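Listed here are the chains, written in short residue letters.
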Amino acid sequence: MVEQLPRQRVRILLMIMVIVALAMVVQLIRVQFGPYAPVFASWVEAASDTEDEVEPTRGLIYDRDGDLLATNVPLYYLEVETYQLNPVSIKQIAGVLSRALILPYEDLYAQLKRDWKSQGQFRFRLTREITGGERWPITIDQMAADMLRSFLLDADAPDLSGLKTVPAPKREYPAGTLAGHVLGFVNQEGQGFFGVEGYYDDWLAGKPITIDRGYIPLEARFEPDPPAGVNLVLTIDLDIQQMVEEILAESIESSGAEEGEIIVMDPRNGEILALAIYPTLDPNHYEPWLEERGYETEDLESEEEELVINPAVGGQFEPGSTFKVITMASALDAGVVTPEDEFIDEGQIEVGGIRIRNWDGGAWGPQTMQGCMAHSLNVCLAYVASEKLGASFFYDYLDAFGIGSVTGVDVAGEVSGQLRTPRHPEWTEADLGTNAFGQGVSVTPIQLLAAVGAIANDGIMVQPHVVRAVVGSEGPYWPKPTVLGRPISRDAADELTAMLTESLQEETSLASVEGYDLAGKTGTAQIPAEHGYDPRWTIASFVGWGPLPEEEFIVLVRIDRPEISPWGSVVAAPIFRQVVERLVVMLEIPPNDVREDLVQSDESG
Amino acid sequence: MTGRTVLPLIAMLVVGGMYLAVNSRLAKTGQRVLILQDEIAELQRRNAELTATLASLTTPDLMWERALELGFHPASTEEVEYIIIENYIPPEIFVAPLPPSSGKNHRSGLSPAYTETLGDWLSRWLGLGSA
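Listed in order, the protein sequences are those of chains A and B.
With the numbering used here as the guide, the letters of the first sequence map in order to residues 1 to 605.
With the numbering used here as the guide, the letters of the second sequence map in order to residues 1 to 131.
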């Protein structure tokens, strides 16, 4: 009896072990050959192909004060595991999704009912039909994804067995249309186009890495993160941007114009504080914007260089009278004229075989150079360029001012404008006469701003830019302002600024702001047509800077095809004043008398 | 079946059982790690969503509208009074945060305590491997 007991115990123990072993074998067989075997097999297949490319998080974009301009938010794809579907869940998934997302029930039902298993597919992504019969994956936002997940966890909720939400990042621009043209946009594949998104695409996108993904719990580990894209801090001040965009939109509406731009820049360092373009662009919804302009989304990559998305850097125009600033600056710097030099305006001048007349067709009689600028006399400026400067000097100066070259502004899509110099086979002497007052030469708004900015900055031309800091894994990097050159001397810049300050006070009072000394020049440019110039429409512009003597801003206003008046002095000058009136408050620039008091108290203190 | 044959069998089964227990704990820990990784990713996504929502609720456009509704208007040059403040400290320049994966002490894997196999341990114990 004593010997029997251990033997019996051993038998019982062995039996228990056999039962446990049998249970394990049964479970193994069930996993290997049961109804979910293909699902497990697909997981194993996925896990065996462990190499996976991980896209890093795209860098964020902020304005100069830290307001978020571009970020990444999750959106979710809807995927279905076919082996988890059942007749009830097929109907209820189709029903819930059609009601929640306002999609046709029949389409969803047909996708769910399809025999995916026979095609060897155990997981598929739900799609919806878009225009032209094309199908795109259905995407939902966080709130909708949360709702579906709560249904999956709730026994009393509709049966959504088999439905999965798969996250993917989506670029979001919280400020909507504000600064949309500066930012550009990112397409569905995560590629940046235009603006900062296009220019800094490689930096923002980061570098994808290939990792061995650990799907099996035993191999679980913290996956290495790919080097994320850099974060950018822009020079844009979103409050100034909002103010400028608002003024621009109101002005376009009140003037009956088609398009327009206002750019505000600090001429001392080239920082662009605001760059407003009308019509605005909402980077969150760039496809309809492109379609409205006849561009195809598919053409973005192939024809990016041809598309003019941002007219501030990619839109060329004949600048008209604002260009006289460059001509006079060159003449003053070359020492061929002084502000007091006299010119007898007879109402026309012949240069290279063509007759050049004034904007009003009149003869203004004896005028100083100051008067020529104040009254914007084409004849006088053509005389200065042809008789005083000469072609060689004139075009050397234009080259020094960067006319005909890109400025290198860090916004994608910049073009160089068009300038025919004497080296060009089609150049004639007549070009010299017309170029002098801004005809026959094309510039971009940013190019004109950079060139005139040199006059506002004591003759030093600084590269315009919109990125203030680049923050990478090593910390922030603050690019220094890039000096593009010194086209004219400080004396010449001061002389011209004084001339334009006087003319603004006397002749362009619509642009002046009480309490501040400003300099500026109007422009009314004709629009080239197939044969000559468009008889009806003009481009009204104004470029001005201030406050003197320590210039802190330069503002360029361009209004295309205004209906109320063709003249820059009537349409663009008041817009300049509106902008500056608000700008001086936002930049905390006191009026002249207060600044003088501050300087005096500082000196006495 | 005698005690001499059963005892080693039981010993082997006990060792096997212990090994299975350790492995199952390891699998559970691994599964927990995977779940935590998913939770981290989910929280990061929600954080991004909330940050974007906050940013869209405080855009200058909306603040402008709200200010107008409250009866404010843009200050004109005549309405602004400038005063000298002794030892004025201007606001600090904004510096954007570092990108998310730029931590220097990046964790590239779990502690070997969780991943070391018996073979690894034996090799280490016998001084054969580099572990």
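Simulated from the structure, these hints should not be mistaken for lab results.
A hint or two may mislead.
[Unchecked claim] Label-pair ranges, simulated between beta-carbon atoms:
(1) B/E42 - A/H285: 25 to 33 angstroms
(2) A/D597 - B/H73: 23 to 31 angstroms
(3) A/R536 - B/H73: 34 to 42 angstroms
Given the structure is predicted, the values throughout are model-derived calculations rather than measurements.
Quick reminder that beta carbons are idealized off the backbone N, C-alpha and C, glycines included.
Here is what the structure says about each hint:
1. B/E42 - A/H285: 25 to 33 angstroms: holds, 27 angstroms
2. A/D597 - B/H73: 23 to 31 angstroms: Given range 23 to 31 angstroms: holds, Cβ gap about 27 angstroms.
3. A/R536 - B/H73: 34 to 42 angstroms: holds, 38 angstroms
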